[in-house]
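Protein chains: 2
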Amino acid sequence: MAGSTQHDPRKRVVIIGAGFAGIEVARGLGQSQADVTLIDRENYHLFQPLLYQVATAALSPADIAEPVRRMLRRYANITVVMGEVTKISGAENHITLADGTLVPYDILVIASGATHAYFGHDAWEKFAPGLKTIDDARDIRSRLLLSFERADRTSDPAKKKRLMTFVVVGGGPSGVELAGAIAELARHTLAKDFRHIDPTSATVVLLEAGPGLLSAFPKELARYTKRKLTQLGVTVRENCAVSNITEKFVEAGGEKIPTALAIWAAGVKASPLGKMLGAATDKSGRIEANRDLSVPGYENVYALGDIAQVKAQDGKPLPGLAQVAKQQGQYLGKALARRIATGTPSPVFKFHDRGNVAVIGRHAAVADFSWARLTGTPAWLLWALVHIYLLAGLQHRLLVSVQWLWRYITYDSGARLIVHPMDPGDGDERC
Amino acid sequence: MAGSTQHDPRKRVVIIGAGFAGIEVARGLGQSQADVTLIDRENYHLFQPLLYQVATAALSPADIAEPVRRMLRRYANITVVMGEVTKISGAENHITLADGTLVPYDILVIASGATHAYFGHDAWEKFAPGLKTIDDARDIRSRLLLSFERADRTSDPAKKKRLMTFVVVGGGPSGVELAGAIAELARHTLAKDFRHIDPTSATVVLLEAGPGLLSAFPKELARYTKRKLTQLGVTVRENCAVSNITEKFVEAGGEKIPTALAIWAAGVKASPLGKMLGAATDKSGRIEANRDLSVPGYENVYALGDIAQVKAQDGKPLPGLAQVAKQQGQYLGKALARRIATGTPSPVFKFHDRGNVAVIGRHAAVADFSWARLTGTPAWLLWALVHIYLLAGLQHRLLVSVQWLWRYITYDSGARLIVHPMDPGDGDERC
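Chains as they are written, first to last, in our numbering: chain A, 1 to 431; chain B, 1 to 431.
If we strip away everything but chain A, and leave its shape as in the complex, we get:
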């Protein structure tokens, strides 16, 4: 205005990814002297811990997805951009979006998360989808419900059996939650809805390649989980690595399990942005970040959340958990705000373990804290309360509470929609 030709002294911070990590970095910079641009492929922040409930027809997608713009609307210095990053030019300090737009930055924050990994068996993805996005969840929900429709239509007993067999690959928290939820869907919600099949006789198989379920939990909790899943009717197979997945079966432990739907919950790899930058990555594609989350070799690039491999105080890599991403985001937001305002360097990130919870089914969950280990109803209630509390926005908390309460009382699931339906036929084609 005063004819100044000086460079604007406000720092431009670009954040890639609006997950737990990216959102927290943005919030931390919301009152700062920086001009912040937050870029995500979607227009919403997804509460991934409840995604399995969308896949099993208990919740609607919108219940766990909050518009990024709404979350950050109060911060006038933050611009939200819906777009896909296709190039990171670290030397030129800019990124490129799919439509060709160049976005320059002074500081770049990479928090683009992870996706499923099939460990070299990419052909399996078609038959055993993973669960990372709303689209994944809608797809799995439709396939799951359609399998019962098809089983009801066919008169071939072997086909009926195959259509009513569901295989979950991977015995971590996601696999346990999915297997439990599918078993409850079949045994309660759908129990009386068909005339030619008995949904309660559906088979749910949970395959774990390692020696036990929930390897991050204490052994007693893992044993409890196996017992509870078995009571729910889930067939748990440990030490059982998958050797093949086709349209008609999953092969594991030398045996072919005929199935119409397998779900992959066995592994993740980092988003490709680490490699795009050219930084050093581990074998899962995660950027090996310093303990202040900066990326070695780049003084103005940071990585955090599932895309980063960061060592804890004890030298071990931090696990790929929502709480790690969130804490890193809170740390980095504050650290960058301070660095921009005062030039003060940041102390390193310290992870505070808030404990681990995994839910199995009604009145059944495991919780592992430094101060206690819980199972059964107390763990289950705690899980529910913590997840309601962690949901972004009062509206989502209300809606999810109402639906959970309803489901608890009636055993009914609310969101049994088959989308983009095709004629279900009798199961000869996959959907």
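In case anyone wonders, no lab produced these hints; they're calculated from the structure.
Hints may contain errors.
Since the list gives no way to pick out one identical chain from another, each pair is judged satisfied if it fits inside one copy or across any two copies.
[To be verified] With a straight-line cut-off of 30 Å between C-alpha atoms, the simulated DSS-like cross-links for lysine-lysine are:
1) Lys11 <-> Lys192
2) Lys275 <-> Lys159
3) Lys350 <-> Lys132
4) Lys326 <-> Lys192
Small disclaimer: the values here were computed from a predicted structure and weren't measured.
Put chain B on the given structure of chain A with help from the hints.
Leaving out everything else, chain B in the frame of chain A:
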């Protein structure tokens, strides 16, 4: 069991369509001596009157969709089949599904509804989608929200203007509701969410070819509707027929209106099943049914709801309304149950007009009853209560109430998801 070779005396009733009409016929036969098969392409019954709220991000699809199986689970004599009817063989008394299955019937009930009609301009459909299904609503919601994203990205003022102009074609209740809801979305929900555009400056144009909005309502209510829409910022153009729709504009009344999203609410045609049967149909493809809903020339085929043209007591055709379909379904269910049990012929169907309601926006609606005409807050409250009451299932009532209450207090919409997102670019391509 007793070595009987006699034909099973139970009548086989096949109902096509699980809309308001088909569901009621099934319920009416739920305690009868008939074996009933209800066939629908989807696995849910859709509450179409609130579909525009899904299209404008106020509700989730599952809030207005109830699984057909759950609705009818208590009736052991009803089988639900998810499938698409591809052939009706009236002479052989069977229908064919897309997968080749033959379904024989003793009595056939056709209630497969209506879809959009473009009056010979089928090319317009691509650029001006109609709103009849959940997929339509998801598609319109995504395009609507994506238009704002794109407008925020482009620096070209003309393109910005085009991306923020929405045209609704057709001034009946659907068009009025859509135009009002889009205006409220832009003026309230999205108002503060963007940095480079002002969503409150979005243009919503409502085009009506006839002399006035809401032609089925009294003139005073139509005038009130026009005034209220104008206050909401909607540009209402009457006597303004559309002559062309392309990717970039809608041409009406000799003028080109640049727009990125037009929505078609101007006309419907019957589902093709009437022609498939070979019955006499009117120019909209509706089966010209007798006043007892039987189809002339077929003693065991009935048609009702939007696929049927049925004359009222006064000789005028009944309108294509949910209440007509529902009352016809209730009538036919009872009539068929009686005919099957006792052979008694049915008296003709009599429509009882329950009145008409259309909503414009917050505190603004019109209601036309034989005993009163209401506008403003009373009509709006009545509209809300009636629609909550009419929703199938207590869970849906609860969820929709919670969301409406929330929206009323905060002006926030709950379901702002863009699905199958692509890079929004700057609006050069359509989504």
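task = Check each numbered hint from earlier against the structure, then list the numbers of those it violates in ascending order.
result = 2
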